[in-house]
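Quick note, the sequences are listed as chains H and L, same order.
Quick note: the first sequence uses numbering that gives the first Met the number 0, first residue 0, plus one each step.
Quick note: the second sequence uses numbering that gives the first Met the number 0, first residue 0, plus one each step.
Warning: the hint list may mix true and false statements.
Unchecked claim - Example chain H residues on the side facing chain L (calculated, C-beta under 7 Å, incomplete):
| # | residue |
| --- | --- |
| 1 | 72 |
| 2 | 181 |
| 3 | 183 |
Stated by the list, open to error - Just the calculated beta-carbon pair ranges, DEER-fashion:
| # | chain 1 | residue 1 | chain 2 | residue 2 | range |
| --- | --- | --- | --- | --- | --- |
| 4 | L | 83 | H | 53 | 51 to 59 Å |
| 5 | L | 244 | H | 109 | 26 to 34 Å |
| 6 | H | 54 | L | 70 | 28 to 36 Å |
| 7 | L | 113 | H | 109 | 17 to 25 Å |
| 8 | H | 94 | L | 149 | 42 to 50 Å |
Honestly, the hints are just simulated from the structure, not real lab data.
As the structure is a prediction and not an experimental result, all values here were calculated from the model.
Ideal Cβ placement from N, Cα and C applies to all residues, glycine included.
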Amino acid sequence: MSIAIVDYGAGNLTSVNKAFDCLGHEAFITADAETVHRADRIVVPGVGHFTATASIDSTGLRAAIESAIQRGTPVLGICLGMQWMFASSAEASGLKGLGIFSGECEHFPSTVKSPHVGWNQLCCTQISKLFAKLEPGPFVYFTHSYRAPIDEYTVARCEYGGEFSAAVERDNVFGVQFHPEKSGTAGIKLLEAFCNLSC
Amino acid sequence: MLTKRIIACLDVDGGRVVKGVKFLNLRDAGDPAELALAHSEAGADEIVLLDISATAEKRKTLLETVRRTARQLFIPFTVGGGIRSLEDASSVFDAGADKVSLNSAAVANPELITQIAERFGSQAAIVAIDAKKMNAPGSYQVFVAGGRTATGRDACDWAREAEARGAGEILLTSMDRDGTGAGFDCELTRMISTSVRIPVIASGGAGSAAHFADVFRDGHADAALAASILHYGITKLGDLKQELAAAGIPMRWPC
Chain H
0 MSIAIVDYGA
10 GNLTSVNKAF
20 DCLGHEAFIT
30 ADAETVHRAD
40 RIVVPGVGHF
50 TATASIDSTG
60 LRAAIESAIQ
70 RGTPVLGICL
80 GMQWMFASSA
90 EASGLKGLGI
100 FSGECEHFPS
110 TVKSPHVGWN
120 QLCCTQISKL
130 FAKLEPGPFV
140 YFTHSYRAPI
150 DEYTVARCEY
160 GGEFSAAVER
170 DNVFGVQFHP
180 EKSGTAGIKL
190 LEAFCNLSC
Chain L
0 MLTKRIIACL
10 DVDGGRVVKG
20 VKFLNLRDAG
30 DPAELALAHS
40 EAGADEIVLL
50 DISATAEKRK
60 TLLETVRRTA
70 RQLFIPFTVG
80 GGIRSLEDAS
90 SVFDAGADKV
100 SLNSAAVANP
110 ELITQIAERF
120 GSQAAIVAID
130 AKKMNAPGSY
140 QVFVAGGRTA
150 TGRDACDWAR
160 EAEARGAGEI
170 LLTSMDRDGT
180 GAGFDCELTR
190 MISTSVRIPV
200 IASGGAGSAA
210 HFADVFRDGH
220 ADAALAASIL
230 HYGITKLGDL
240 KQELAAAGIP
250 MRWPC
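Just chain H, with the same shape it has in the complex (with noise of 0.2 Å):
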């Protein structure tokens, strides 16, 4: 099974290929449109600015990771990456998001620190793939200034200054707001989980 970890200029793409590698599956990290076209499993990771994912569209692997959609590829976006599967975020106002999940993503209120940095507890509140394994309530590593809302699709949401959206799932697309590559044991289990996916 091959799994593109698409390269779009958005930070460090090193841990998410070991974790990977660790699973004992063949992961690349790729910049080039056919090949994340032609991979079994996408995933979207970043960190940073919103606008990087500006980047994605100019290099025409926004078609190419739609029509993956289309076609049933599982697609996993991590942190920046999930916000970029939301219609928009208020990071950078004039850019279009792929709309997978509805609604803007938002700074932290000032009430809390920023950004939010660490490990916090997960609440899932629906039936998900990703998650099925894995013991109710885990924690998870989190690191970002903006939130993603709570859609009907979300699965997993977290309280920081308020709730947003942990995790969200919508038939083969699946979103997570902390980085699973970095989350011991609870996100190795959830890569393997969207690396054993069926759909």
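Given the structure of chain H, go ahead and fit chain L onto it with the hints provided.
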């Protein structure tokens, strides 16, 4: 609820973990990759590896040590010591680090913080501050070069500047408490923590669970670092986290 982090710190010299008292009298404490994994399995929330090698020859082994340590580690991993340029940082990230910690180089060239934050994100840029108490009340000065050189800079001012330049976290070490086991400097930690909006990691002086509880409550620390207290098995991480959780400090436990 966001938990308070317990971070295991490995001071590395020429590929081996060492630990001293007040930055001096180093002794061997083991293999970095083995210790990092052991700490992770015992419940550490994060690993920091600080290269304290003085010579260029010993520094060459750093990237290999980082690679070996990162291989089996699936919790956040920070590397610091001797990172002077964007290229140095890039090679450490390529070897598997998630964050870099900048100390002397950031003081000499604050623009480096911005360069790393712009290329890798603020979450990947930690500024480490070694601070020493001065005679005037509430006054702390920044030291560099492993605590050997005074900069004349006020710790609070420097922390604010680091934040403004793009630092994602501050790793704050009390030079007066380092390796003493006498407790964290809560006054220093509180001063910095209330001056910036980014997380502050308290370091220097961990000796008991009560010290951690103090620095989280009175010092307003978001995370606390421990080295000697963990390596020699004085305090088991699980026991420490359990005790803190029982005292009402939010912990990732059981994990």
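Consistency of the hints with the structure:
Taking 7 Å as the C-beta contact cut-off toward chain L, the hint placing residue 72 of chain H at the interface is violated, the least distance being around 25 Å. The criterion of a C-beta within 7 Å of any C-beta in chain L is met by residue 181 of chain H, whose closest approach is roughly 5 Å, and the hint holds. Below 7 Å, beta-carbon pairs count as interface contacts, and residue 183 of chain H has one with chain L at about 5 Å; its hint therefore holds. A beta carbon spacing of about 31 Å between residue 83 of chain L and residue 53 of chain H contradicts the range 51 to 59 Å that was offered as a hint.
Between residue 244 of chain L and residue 109 of chain H the beta carbon distance is about 29 Å. The supplied range of 26 to 34 Å therefore holds. The beta-carbon spacing between residue 54 of chain H and residue 70 of chain L, approximately 30 Å, falls within the hinted interval of 28 to 36 Å. For residue 113 of chain L and residue 109 of chain H, the hinted distance range of 17 to 25 Å is satisfied, since their beta carbons lie about 23 Å from each other. Checked against the hint of 42 to 50 Å, the pair residue 94 of chain H and residue 149 of chain L passes, with Cβ atoms roughly 47 Å apart.
In this structure, the hints that do not hold are numbers 1, 4, in rising order.
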